[in-house]
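2 protein chains.
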Amino acid sequence: MTTNQIVDLARASRLASVSMQSVTDEQKNEALLRIKQVLSERQEEIFKANEADKKTAEEQVKAGKLSASLFKRLDICNGDKFATILSGVSDIVHLPDPTKKVTLATKLDQDLEMYRVTVPVGVLLTIFEARPEVVVNISCLALKSGNAVILKGGKEATQTNAVLAQVIQDALASLPKTNGIPKEAVQIVETREDISALLDLDRYVDLVVPRGSNSLVRYIQNNTRIPVLGHADGICSVYLDKEADITKACRIAVDSKTNYPAACNAAETLLVHASLLEGNDKFAKVATALLNANVTLKCEENVRSFLQSTVSADLQAKVVAAVPEDFDTEFLDPIMAVKSVSDVNEAVEHINEHGSKHTDCIVTENEATSDFFTTRVDAAGCYWNASTRFADGFRYGFGAEVGVSTNKTHARGPVGLEGLVIYKYKIRGNGNIAGEYGSGKKQYLHEAIAPENYSI
Amino acid sequence: MTTNQIVDLARASRLASVSMQSVTDEQKNEALLRIKQVLSERQEEIFKANEADKKTAEEQVKAGKLSASLFKRLDICNGDKFATILSGVSDIVHLPDPTKKVTLATKLDQDLEMYRVTVPVGVLLTIFEARPEVVVNISCLALKSGNAVILKGGKEATQTNAVLAQVIQDALASLPKTNGIPKEAVQIVETREDISALLDLDRYVDLVVPRGSNSLVRYIQNNTRIPVLGHADGICSVYLDKEADITKACRIAVDSKTNYPAACNAAETLLVHASLLEGNDKFAKVATALLNANVTLKCEENVRSFLQSTVSADLQAKVVAAVPEDFDTEFLDPIMAVKSVSDVNEAVEHINEHGSKHTDCIVTENEATSDFFTTRVDAAGCYWNASTRFADGFRYGFGAEVGVSTNKTHARGPVGLEGLVIYKYKIRGNGNIAGEYGSGKKQYLHEAIAPENYSI
Chain A
1 MTTNQIVDLA RASRLASVSM QSVTDEQKNE ALLRIKQVLS ERQEEIFKAN EADKKTAEEQ
61 VKAGKLSASL FKRLDICNGD KFATILSGVS DIVHLPDPTK KVTLATKLDQ DLEMYRVTVP
121 VGVLLTIFEA RPEVVVNISC LALKSGNAVI LKGGKEATQT NAVLAQVIQD ALASLPKTNG
181 IPKEAVQIVE TREDISALLD LDRYVDLVVP RGSNSLVRYI QNNTRIPVLG HADGICSVYL
241 DKEADITKAC RIAVDSKTNY PAACNAAETL LVHASLLEGN DKFAKVATAL LNANVTLKCE
301 ENVRSFLQST VSADLQAKVV AAVPEDFDTE FLDPIMAVKS VSDVNEAVEH INEHGSKHTD
361 CIVTENEATS DFFTTRVDAA GCYWNASTRF ADGFRYGFGA EVGVSTNKTH ARGPVGLEGL
421 VIYKYKIRGN GNIAGEYGSG KKQYLHEAIA PENYSI
Chain B
1 MTTNQIVDLA RASRLASVSM QSVTDEQKNE ALLRIKQVLS ERQEEIFKAN EADKKTAEEQ
61 VKAGKLSASL FKRLDICNGD KFATILSGVS DIVHLPDPTK KVTLATKLDQ DLEMYRVTVP
121 VGVLLTIFEA RPEVVVNISC LALKSGNAVI LKGGKEATQT NAVLAQVIQD ALASLPKTNG
181 IPKEAVQIVE TREDISALLD LDRYVDLVVP RGSNSLVRYI QNNTRIPVLG HADGICSVYL
241 DKEADITKAC RIAVDSKTNY PAACNAAETL LVHASLLEGN DKFAKVATAL LNANVTLKCE
301 ENVRSFLQST VSADLQAKVV AAVPEDFDTE FLDPIMAVKS VSDVNEAVEH INEHGSKHTD
361 CIVTENEATS DFFTTRVDAA GCYWNASTRF ADGFRYGFGA EVGVSTNKTH ARGPVGLEGL
421 VIYKYKIRGN GNIAGEYGSG KKQYLHEAIA PENYSI
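As you go down the protein sequences, you meet chains A and B in turn.
For the first sequence, my numbering begins at 1 and goes up steadily by one.
For the second sequence, my numbering begins at 1 and goes up steadily by one.
Hints in this document: simulated from the structure, not taken from any laboratory.
Among the hints, erroneous ones may be present.
Copies of the same chain look alike in the list, so a pair counts if it fits in one copy or across any two.
List time: in silico PhoX-like cross-link candidates among lysine-lysine, alpha-carbon distance up to 25 Å [what the hints assert, rightly or not]: (1) Lys442 <-> Lys81; (2) Lys441 <-> Lys81; (3) Lys72 <-> Lys177; (4) Lys72 <-> Lys48; (5) Lys72 <-> Lys183; (6) Lys55 <-> Lys72; (7) Lys285 <-> Lys100; (8) Lys441 <-> Lys101; (9) Lys442 <-> Lys152; (10) Lys100 <-> Lys177; (11) Lys318 <-> Lys152; (12) Lys81 <-> Lys55.
Let's have the full structure, built from the sequences with the hints guiding it.
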């Protein structure tokens with residue numbers, strides 16, 4: 001697209017987002033159910049596009065230019081994948097509307113009331129990689145929260161993404177006139193140049209939501225004034241305290257690492273209190289459990305020599321030496337960097353210096369030590385005796401997940417629909433002016449208004 | 001400072017912010033009262049530095065290099081200025097602690113509880129212009145919300161700022177060992193180069209809070225990955241609807257423009273429903289009130305010719321022709337750009353295209369029209385029959401104001417202490433692992449925990 005076309009597209013999104021400020025939850029749900037219906041009706045067309053994308057991708061896999069796992073994520077025809085996409089739409093229908101909630105109500109004076117009300121952020125720009133189902137998922141989350149969205153998917157899924165976006169737009173266009181959601185509420189762009197032009201348009205785009213690699217997120221942060229809701233790396237740690245229950249330590253270390261090693265909430269680093277490096281019934285048991293679960297342990301020297309003398313010979317091959325960079329690496333594989341620390345404070349310092357503010361866990365039976373850790377570790381998730389793998393919007397009970405944020409502002413950790421809203425202050429007056437208040441004049445009341453007395 | 005020195009300074013702020021996670025409200029208040037005391041004790045030294053800054057500035061004013069209003073803002077010795085700074089510290093002591101609040105509590109399963117708890121953002125970088133009292137005000141707001149802060153003031157106030165920051169550091173250093181707030185919680189830098197280096201350190205700095213010109217905010221947004229809490233322009237509008245009460249319209253238009261024209265919440269644009277351009281008892285009355293209050297009206301042609309035939313001859317000199325840029329200008333002076341619109345929708349469209357998302361007001365007796373306006377205008381403040389000048393943290397009852405944000409994320413409108421906190425998720429488990437949950441396995445409970453049952 002030319003720059004002018006991109007500006008027009010972004011402006012159309014902005015206008016759509018204004019129209020969407022007025023729509024009701026019923027109208028949003030009507031739109032979502034219509035999208036589900038049209039997706040279902042046009043399954044054949046969608047599958048055809050997906051087959052075409054897969055054919056191109058297959059050749060790239062053969063040529064070694066695309067990974068097998070990326071190819072697998074491209075596929076939406078196989079098994080119950082498409083049915084899952086459709087039922088995901090229904091799930092979003094049933095979530096509570098995050099907008100129009102009064103979060104503060106203050107009587108400033110007689111006849112002068114202030115209400116803080118949640119409203120959609122406005123226009124979202126989401127950039128994601130291979131999975132085409134994100135087109136449907138993010139469009140529906142955006143609509144449910146009253147936002148307009150501009151989508152940009154991975155180039156491997158270009159045809160599938162285009163058809164899915166077209167189907168959604170057609171579904172919106174077919175809504176009764178009374179509905180009020182324009183088809184421009186969901187738009188798609190295809191090239192890196194389009195994104196580059198959109199990142200300049202802070203006038204029209206309110207929030208960028210990248211879902212992808214660390215380098216994608218950094219690239220975007222480096223090239224826009226628009227706020228970015230993204231997560232960089234997921235470098236999560238498990239710290240085994242001197243008062244750790246070793247059974248819990250084994251369960252948590254193994255689950256945090258092996259339940260799904262490619263996830264951002266999988267643990268990459270294992271910190272061990274030095275006192276556990278004694279005998280065969282403490283860290284040796286945890287290490288053995290990890291090694292038995294096929295995890296490679298990249299250990300600092302003292303840990304390595306301890307394990308060489310304690311774990312059985314057949315497991316020794318997976319005990320290797322760590323290099324410093326291992327403690328800043330998101331392995332996304334059954335590999336853990338292991339280091340001993342002299343106390344909980346050293347564990348906290350290590351995590352705050354090397355972690356990615358995602359999710360970190362302490363295993364201990366001592367509540368005071370746990371409090372110290374969960375208060376001082378600067379991460380979205382600070383867990384006591386629980387696997388880092390719980391860091392997930394569905395597991396948290398949000399019903400949906402926009403992504404996991406390692407931001408320190410706006411939305412942190414697993415982000416549900418609440419992360420796609422902000423608020424505005426509505427004041428209802430009766431001709432009130434500021435000049436009548438002040439020293440020797442009228443005073444503000446600043447009384448809370450009870451919900452039953454809201455006039456909004 | 002060298003880049004290495006800046007990195008050390010930022011890292012020291014980060015470490016200070018970690019220590020501050022554990023401090024209690026009592027400890028924070030102890031620190032604030034100590035700061036107040038030491039400021040008071042060292043008033044002479046502070047005034048001496050301020051006199052030196054003023055002397056340099058006076059020469060610049062004479063040479064035409066500095067404005068008289070900037071010079072005035074530099075002065076903290078005159079009248080009750082210093083006493084006001086000290087009483088401002090006491091005011092912050094009395095505000096409620098915004099941290100450690102549980103905003104969500106969910107029982108995920110037996111023995112698996114999740115708490116979302118407010119925590120300080122971490123390390124703030126605030127950049128501001130002439131007023132040296134901002135050093136004290138922002139340091140105290142940062143400390144009360146548990147944040148570490150790095151300050152950079154205007155170069156005209158270099159000596160005053162340096163002494164104020166030193167006094168605050170000395171006050172913190174003199175706290176009893178039991179207090180826990182390190183003196184590195186407040187640090188100061190002096191040059192543009194220092195800022196430039198800090199804007200690169202997203203590893204240590206969590207939020208940039210610029211208080212100053214539009215160009216300062218844009219410069220920062222263009223040069224950092226760190227989130228920015230700032231406001232660009234304050235282009236606020238007042239829309240007089242066809243069903244406006246003309247008495248309220250006169251009061252609100254005059255107050256919005258003239259109560260304090262240099263403030264960001266002063267109105268710059270007046271939109272008038274075309275039907276009010278009839279006779280002498282509608283818009284002619286509002287315009288006369290504004291002109292009598294010494295406001296220049298920069299009018300589109302139809303408005304200008306209407307006023308030429310309706311307002312008295314002695315006021316005509318202040319009725320002038322508008323140029324298109326007037327509707328994108330923050331005058332900060334007794335000047336208003338005036339335009340007629342054919343309906344409320346055109347008013348909304350104008351504001352969404354030209355406004356700065358700060359505060360906009362509709363004057364009407366029709367509630368449905370007001371709802372349309374306040375729902376569709378994309379601004380932090382959407383007012384019905386009330387002056388735009390109410391957009392202020394103190395007037396909203398926040399007790400303090402960090403600034404007014406025109407952001408669409410994190411914090412919007414007047415920002416109090418709540419804008420300086422974020423949250424983390426704390427999970428308390430008993431060795432729980434994610435692999436035990438799922439289809440055919442354990443299910444999540446997702447039950448709300450009542451406050452009386454919090455185990456945190």
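Against the structure, the hints:
1. Taking identical chains as interchangeable, the C-alpha atoms of Lys442 and Lys81 lie at most 25 Å apart only when they sit on different chains, with a minimum of 23 Å there against 64 Å within one chain.
2. For the homomeric pair Lys441 and Lys81, the shortest alpha-carbon distance between copies (21 Å) is at most 25 Å, but the shortest distance inside one copy (67 Å) is not.
3. In this assembly of identical chains, the alpha carbons of Lys72 and Lys177 never lie at most 25 Å apart, being 40 Å within a copy and 58 Å across copies at closest.
4. For the identical chains of this complex, Lys72 and Lys48 are intra-copy neighbours only, at 17 Å inside a copy versus 71 Å across copies, given an alpha-carbon limit of 25 Å.
5. Proximity of Lys72 to Lys183 under the C-alpha cut-off of 25 Å is found in neither arrangement, the shortest distances being 31 Å within a copy and 54 Å between copies.
6. With identical chains, the CA atoms of Lys55 and Lys72 are at most 25 Å apart within one copy only, with a shortest distance of 12 Å there and 72 Å across copies.
7. When the C-alpha separation of Lys285 and Lys100 is checked against a cutoff of 25 Å, the pair qualifies neither within a copy, at 53 Å, nor between copies, at 37 Å.
8. Taking the closest pair of Cα atoms, Lys441 and Lys101 never come within 25 Å of each other, the shortest separation being 34 Å inside a single copy and 36 Å across copies.
9. Taking identical chains as interchangeable, the C-alpha atoms of Lys442 and Lys152 are never at most 25 Å apart, the minima being 54 Å within one chain and 37 Å between chains.
10. When the C-alpha separation of Lys100 and Lys177 is checked against a cutoff of 25 Å, the pair qualifies only within one copy, where the shortest distance is 23 Å, while the shortest distance between copies is 48 Å.
11. When the C-alpha separation of Lys318 and Lys152 is checked against a cutoff of 25 Å, the pair qualifies neither within a copy, at 41 Å, nor between copies, at 51 Å.
12. Taking identical chains as interchangeable, the C-alpha atoms of Lys81 and Lys55 lie at most 25 Å apart only when both belong to the same chain, with a minimum of 18 Å there against 74 Å between chains.
Violated hints, in rising order: 3, 5, 7, 8, 9, 11; the structure is consistent with all others.
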